[in-house]
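In terms of the numbering used here, the sequence shown is residues 10 to 202.
Treat the hints with care, as some may be off.
As a list, the in silico DSS-like pairs of lysine-lysine whose alpha-carbon atoms are at most 30 Å apart [unchecked claim]:
no., residue 1, residue 2
1, Lys119, Lys99
2, Lys119, Lys103
3, Lys103, Lys113
4, Lys109, Lys99
5, Lys128, Lys113
6, Lys139, Lys152
No lab work stands behind these hints: they were computed from the structure.
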Amino acid sequence: MVPALDPHNARIPDFTLDRFRAARQPLVDDFGLTHEKAAQRLAAMWQAQNNIDREDWDNLQEELAEAARLQQVERRLEEEEQQRALDEEKELTKQEERKKNRNKFLTYNKVPISTAITKLPLPIATRKLKKGDFVELYYFTNKGLAEAEASTRSTDDDALTLTRDEDGQHAFVPVTASKFKDTAQLARHTRVL
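Between the sequences and the hints, there should be enough to build the whole structure, so can you do that?
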């Protein structure tokens, strides 16, 4: 029988007290012991029983700890199994979604978008290309593209044009300001040549 309370915390009673006189009396009568010796014998018997109770208590605690550990392992395994089942269900759902909407899940190569401003040839060259006429290669060389960039594309003086300053930065400026800048660059360019 396992004790209800922890026998490790139990204290040995003082068997010399008068309330234990009835417990000592059979030892005094049967074995001819004194009350003092009978109290010592009762203390020894109590200690022996307490040792047995301690062993039983420790074994019970080990069994309970092992049962709790096994229960925890079972619970963890069940949770893992449930998680695995959820993951499988999600994967099946994804596969069904991919089957239904194949185009939505097609892989594609990401093409980087250029941040550079595309240089276009003069409008006359573009029009000739659209018509299918012969276009001189000059319009597509660096000089031809620079000339197209420097030229104004609008005759409206309130319109804006894209220009590039000495630092290489692009900015929108009014066409009239651009014309003055273009003529100054053209004059400098012709002096260099």
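Hints, one by one, checked against the model:
1. For a cut-off of 30 Å, the pair hint linking lysine 119 to lysine 99 stands: about 27 Å separates their Cα positions.
2. Among the hinted pairs, lysine 119 with lysine 103 is consistent with the structure: their alpha-carbon atoms are about 23 Å apart, no more than 30 Å.
3. A C-alpha spacing of about 12 Å is found between lysine 103 and lysine 113, which places the hinted pair at or below 30 Å, so the restraint holds.
4. A threshold of 30 Å between alpha carbons decides the hint, and for lysine 109 with lysine 99 the separation of about 15 Å falls inside it, so the pair holds.
5. As the CA atoms of lysine 128 and lysine 113 are separated by approximately 35 Å, the hinted pair breaks the 30 Å bound.
6. For the hint pairing lysine 139 with lysine 152, the CA-to-CA distance comes to about 22 Å; that is within 30 Å, so the pair holds.
Hint compliance for this structure: hint 5 is the single one not met.
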